[in-house]
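Number of protein chains: 2
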Amino acid sequence: MTEKRTIGFIGLGVMGKPMARNLLEAGYTLVVHNRSRESVQELAQAGAQPAHSPAQVARESDLIITCLPDSPDVELVALGEQGLIEGVQHGDIYADMSTIAPTVAVEVAEALAEKGVQCLDAPISGGDVGAQEGTLSIMVGGDAVVFDAVKPILEVLGRTIVLCGPNGAGQTVKACNQVQVALNLIGMAEALVLGQKAGVDPTIVLDVLSGGFAQSRVMDVRGPNIIRGIFEPGFRSELHYKDLNIVRETARAYQASLPGAALAHELFGAMQAQGWGDLDHSAVTRVIELLSAAEARSH
Amino acid sequence: MTEKRTIGFIGLGVMGKPMARNLLEAGYTLVVHNRSRESVQELAQAGAQPAHSPAQVARESDLIITCLPDSPDVELVALGEQGLIEGVQHGDIYADMSTIAPTVAVEVAEALAEKGVQCLDAPISGGDVGAQEGTLSIMVGGDAVVFDAVKPILEVLGRTIVLCGPNGAGQTVKACNQVQVALNLIGMAEALVLGQKAGVDPTIVLDVLSGGFAQSRVMDVRGPNIIRGIFEPGFRSELHYKDLNIVRETARAYQASLPGAALAHELFGAMQAQGWGDLDHSAVTRVIELLSAAEARSH
Chain A
1 MTEKRTIGFI GLGVMGKPMA RNLLEAGYTL VVHNRSRESV QELAQAGAQP
51 AHSPAQVARE SDLIITCLPD SPDVELVALG EQGLIEGVQH GDIYADMSTI
101 APTVAVEVAE ALAEKGVQCL DAPISGGDVG AQEGTLSIMV GGDAVVFDAV
151 KPILEVLGRT IVLCGPNGAG QTVKACNQVQ VALNLIGMAE ALVLGQKAGV
201 DPTIVLDVLS GGFAQSRVMD VRGPNIIRGI FEPGFRSELH YKDLNIVRET
251 ARAYQASLPG AALAHELFGA MQAQGWGDLD HSAVTRVIEL LSAAEARSH
Chain B
1 MTEKRTIGFI GLGVMGKPMA RNLLEAGYTL VVHNRSRESV QELAQAGAQP
51 AHSPAQVARE SDLIITCLPD SPDVELVALG EQGLIEGVQH GDIYADMSTI
101 APTVAVEVAE ALAEKGVQCL DAPISGGDVG AQEGTLSIMV GGDAVVFDAV
151 KPILEVLGRT IVLCGPNGAG QTVKACNQVQ VALNLIGMAE ALVLGQKAGV
201 DPTIVLDVLS GGFAQSRVMD VRGPNIIRGI FEPGFRSELH YKDLNIVRET
251 ARAYQASLPG AALAHELFGA MQAQGWGDLD HSAVTRVIEL LSAAEARSH
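Here the protein sequences come in this chain order: A and B.
The first sequence maps to residues 1 to 299 in the working numbering.
The second sequence maps to residues 1 to 299 in the working numbering.
Hints were generated in silico from the structure; no laboratory data involved.
Just so you know, nobody snuck in bad clues.
Residues of chain B placed beyond 10 Å of chain A at every Cβ, according to the derived structure:
#: 1; residue: Arg-5
#: 2; residue: Gly-13
#: 3; residue: Val-14
#: 4; residue: Tyr-28
#: 5; residue: Glu-38
#: 6; residue: Gln-41
#: 7; residue: Ser-53
#: 8; residue: Asp-70
#: 9; residue: Gly-80
#: 10; residue: His-90
#: 11; residue: Glu-107
#: 12; residue: Glu-133
#: 13; residue: Gly-134
#: 14; residue: Gly-275
Simulated restraints on C-beta separations:
#: 15; chain 1: B; residue 1: Pro-259; chain 2: A; residue 2: Glu-81; range: 43 to 51 Å
#: 16; chain 1: A; residue 1: Asp-207; chain 2: B; residue 2: Val-156; range: 16 to 24 Å
#: 17; chain 1: A; residue 1: Ile-230; chain 2: B; residue 2: Ala-273; range: 40 to 48 Å
#: 18; chain 1: A; residue 1: Asp-62; chain 2: B; residue 2: Pro-259; range: 44 to 52 Å
#: 19; chain 1: A; residue 1: Glu-155; chain 2: B; residue 2: Val-14; range: 48 to 56 Å
#: 20; chain 1: A; residue 1: Glu-232; chain 2: B; residue 2: Pro-259; range: 24 to 32 Å
#: 21; chain 1: A; residue 1: Glu-133; chain 2: B; residue 2: Glu-25; range: 49 to 57 Å
#: 22; chain 1: A; residue 1: Asp-207; chain 2: B; residue 2: Glu-25; range: 25 to 33 Å
#: 23; chain 1: A; residue 1: Asp-207; chain 2: B; residue 2: Leu-79; range: 31 to 39 Å
#: 24; chain 1: A; residue 1: His-299; chain 2: B; residue 2: Pro-72; range: 23 to 31 Å
#: 25; chain 1: B; residue 1: Ile-230; chain 2: A; residue 2: Gly-27; range: 44 to 52 Å
#: 26; chain 1: B; residue 1: Ala-296; chain 2: A; residue 2: Arg-37; range: 45 to 53 Å
Ideal placement from N, C-alpha and C gives every residue a C-beta, glycine not left out.
Work out the full structure: start from the sequences and follow the hints.
So this is what it looks like as structure tokens:
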């Protein structure tokens, strides 16, 4: 791409807003839309053009990026009334950076392909700090030629950008990631609770485990805070719960049987039932503590 | 310790034999015993004195080390007929390096304390290679003064040697370790199966996950082999299954409720039912594949 595209950006939340800012700062022309208008005005003051619907964003840009909460939001913005599909032109590119079901990513891509639009699913990980610093990991599904065309723009947003396969593959790898992270967290939670119940200093458990075969990145990053009872996000448990719901839908769709993911979904659901949706996902430790307290009371 | 102790060593298996060899090579006088006599003869040729019972080992040494398969073996060797308890003298030290239930470690320590023997539980991790190279991790429970006295000898066997607390604490930390490793493995298994079922190259799943927040040591070490279908141990699944049994006993004893450990126990049990006890514990991936194949057939 020798000349810079006009980029449409929809979804200016905790992740989307700093990402849009980074694109503006990199010199791209931006058309922005968001359900709540406050963020739109903020971005407009920073030089973006405000738009009043996804359709308008699509009409005024040739690369559209969305960063939305869940599958139904993406379906609505892309294919609903006043959605992208009503404003796109042949040759446009649509990159959805939300975390949604791979099956929905494929459906949206197929619907927009009929309008001559090429789609990428490009979910991210790395949290709000990664979004602010432009150091996200981006897992991409779609055509290699489209990927190559958009890559310079993704490089403004992230550091590790991997083409994982055709449409849906980016979302699939994100789902895989969320299973692994959830089970690493549950393993740590159970190890720490077992140690504590048996009277061992959790600092020692963490030191020994993180120095050996049991080490994980979540242990390195979250372990010390868990021991101090600090569960500030980080990554809010309600989002990981949503992602585990996607994991289970995806497992059903592709006939995978994932008992660990099913358990993780239940335990992360218990966090929501306790009103801990705004806590970091490592607060699953508190669910294990709760179960163990109930176990103790029953004796 | 200015003069070198005579060390008794019982249990010359995959782990114990190379450990005993390392002690001989470090210049210690060794009295050895093993159920199968072949290993005893091997060690005798290398300079160790053979003994015919744990009691005899205890009579002829002042530090006794055992490295046995499971809790009942340790109970028998320590407290049974012709056991250590029949040969120990006041002031002896007994270090059990087997992986057994923390509660049994405490029982054995209490029984031998009545004879004036001080005990350490000192389970190891690091596999047969760690045993051969003297690079094991050793998690120790017991008195700090006893720990300090024995530490130079443990340093012949391992690299990371941590006093975790009083008797039983070493076994507790080992149990915590085995929970964490099992759940990290199950997470990886489910991530890889989900990716594969949804049509994504497992190499890409592994690359993306290991480069980010989902990383774990087991992923770094075992992931590439899982993808190639290589399940040579490593760490035999039947041993990890045994350890998860200890985890569940320990959880019950200390009133911890560990749903992840319970699931891991079931899935590792399925490996045994399939005759995969001699495979590496990462073969839990094959259990997830099996469940998913059954899921696919039911559609």
